[in-house]
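A.B. asks: Reminder that position 241 of the sequence shown reads as 487 in the working numbering, one-by-one numbering, no gaps.
Be aware that one or more of the hints could be misleading.
[To be verified] Here are the simulated distance ranges between beta carbons:
id, residue 1, residue 2, range
1, Leu643, Gln369, 37 to 45 Å
2, Cys660, Val477, 43 to 51 Å
3, Lys526, Arg661, 42 to 50 Å
4, Gly394, Cys660, 23 to 31 Å
5, Lys526, Asn655, 41 to 49 Å
6, Ile512, Ser605, 35 to 43 Å
7, Ala697, Pro559, 47 to 55 Å
No lab work stands behind these hints, which were simulated from the structure alone.
Computed from a prediction, not measured in an experiment: that's the story for all the values here.
Each residue gets a CB set at the ideal place from its N, CA and C atoms; glycine is no exception.
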Amino acid sequence: MHRVPHKYFSSSEFSEQLNFGTHYHLFSANLLTSSKFKGSYLRVAVVCFSASSGKENNYLIMSKGLDHDTLNENVKKVQYAVRGELYLRASERREEVVHPQIIFTNVGNPHALGQKPLSFPRQVIALCQAPFLLDDPNVGFDSRGLPGIRKEVADFIEKRDGYPSDPELIFLTDGASKGVMQMLNTIIRGEKDGILVPVPQYPLYSAAISLYGGSLVPYYLGESANWGLDVNNLRQSVAHAHSMGITVRAMVIINPGNPTGQCLSIDNLQELLRFCSREKLVLLADEVYQQNVYQDQCPFISARKVLLDMGTPISKDVQLVSFHIVSKGYWGECGQRGGYFEMTNIPAESVDEIYKVASISLSPNVPGQIFLGLMVNPPKPGDISYLKFVQESKTILDSLRKRAHIMTNGFNSCRNVVCNFTEVSRGIGVMRIVVTGAMYSFPQIRLPPKAIEAAKMAGKFPMFTICLPLEDHYLTSRRRHASNHG
247 MHRVPHKYFS
257 SSEFSEQLNF
267 GTHYHLFSAN
277 LLTSSKFKGS
287 YLRVAVVCFS
297 ASSGKENNYL
307 IMSKGLDHDT
317 LNENVKKVQY
327 AVRGELYLRA
337 SERREEVVHP
347 QIIFTNVGNP
357 HALGQKPLSF
367 PRQVIALCQA
377 PFLLDDPNVG
387 FDSRGLPGIR
397 KEVADFIEKR
407 DGYPSDPELI
417 FLTDGASKGV
427 MQMLNTIIRG
437 EKDGILVPVP
447 QYPLYSAAIS
457 LYGGSLVPYY
467 LGESANWGLD
477 VNNLRQSVAH
487 AHSMGITVRA
497 MVIINPGNPT
507 GQCLSIDNLQ
517 ELLRFCSREK
527 LVLLADEVYQ
537 QNVYQDQCPF
547 ISARKVLLDM
557 GTPISKDVQL
567 VSFHIVSKGY
577 WGECGQRGGY
587 FEMTNIPAES
597 VDEIYKVASI
607 SLSPNVPGQI
617 FLGLMVNPPK
627 PGDISYLKFV
637 QESKTILDSL
647 RKRAHIMTNG
657 FNSCRNVVCN
667 FTEVSRGIGV
677 MRIVVTGAMY
687 SFPQIRLPPK
697 AIEAAKMAGK
707 FPMFTICLPL
717 EDHYLTSRRR
727 HASNHG
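With the sequences and hints as input, model every part of the structure.
C.D. replies: Right under this line is the structure:
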């Protein structure tokens, strides 16, 4: 078949081109009776005839907008390991187990694993969802989020960093992912625009960059240096990108790290801010794990605070976007989809464009905004909910700290597995590697050379040659156990 040349017709012109008469009816009969068209209802071949000559012009293949072969190629290229092959296999197998014991840890969702939610925000949400229990506030809507909650976020940021924050530069979002994707979509103009992303990284970034048609420029964190940043490594990554004709436009940091768990030091943050200033990069600071800090020696420090502490000219130069959410920390409210991003040193015209695009979605979800407001403005001493809130939040954070020890110690007890320790050991001449924050342990698994070669032959990542057989072995043993115990 041939495709009709790209020409657009008005309805009357199209009627003339088809010559709605004998030829059209004959074609209709042929379409219904011809064996070569049977079952081909997704692709309809239309024979066009000229009104004047009756000669066949061309074939027009009518494909639907969501047929797979017509989709945006960037969508097909996206890889998102958080719900990749291992997750899908585990989901299928979960139904096969007589007594399901598969634990899904592909996302950091504490409530899904039994963490009890805080009482205070649930009580407030209950009142908001049933306003007859209180006077209905009748609040207005803004695509950036409720003004009162944005003011609460600004107050929280000012208290944390020691510098005023402008609510007009704070956008509330349905979780951090929505905000990250909006900023990447705004920054990426085409495949020659690159984004510096840490490796190891959270797959949101690689997936979104692929989706928007940009280029991921990796920079590698040093495991032996507490997963810290090496500016020389950054320079090499940018130089390599430039040699490929790629313009690096932004840099992502994840602090505390996901999945590496490190907290960046002031020195590290100052170095990367100077680097961003020299290279004219937007700094995208993913700071969603800032409550998940387990070591007093390594507190969380925001990129914004360090930037403003550095003073002019750099404090007025670096373009910074910071992200935070209600899904982590002792809140753990993944399902509520509450988050925000704050912009620093972004030109007013660009803020207007970002506001315009945000307006397409009308507004972020209201319960998520309320949860966010409660997170940044929790009960205070003297409030009726204060004592219970403090008790519950401390219990949750202590439990997370304890489980961090259990997880890393468990990994380190395995043969050919090395995992970062979760605390500092200052013995004589010894400084153990530190995992100070976030919700993950990131083990290094040493695979035999033959396993790596087998994975290459199968066209898979080496981890699949270990994880999938382990999963199969586990399910087989569960079935055997179930059959033996009736």
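A.B. asks: Evaluate each hint against the coordinates.
C.D. replies: Structure-based check of all given hints:
Evaluation of the 37 to 45 Å hint for Leu643 and Gln369 yields a failure: the beta carbon distance comes to about 20 Å. For Cys660 and Val477, the hinted distance range of 43 to 51 Å is not satisfied, since their beta carbons lie about 34 Å from each other. Checked against the given bound of 42 to 50 Å, the beta carbons of Lys526 and Arg661, roughly 48 Å apart, stay inside it. For the hinted restraint 23 to 31 Å between Gly394 and Cys660, the CB-CB distance of approximately 50 Å leaves it violated.
Judged by the Cβ atoms, the range 41 to 49 Å given for Lys526 and Asn655 holds: they are separated by roughly 44 Å. With their beta carbons about 38 Å apart, Ile512 and Ser605 fall inside the hinted range of 35 to 43 Å. Roughly 53 Å separates the CB atoms of Ala697 and Pro559, a value that falls within the hinted 47 to 55 Å.
When held up to the earlier numbered hints, the structure conflicts with 1, 2, 4 and fits the remainder.
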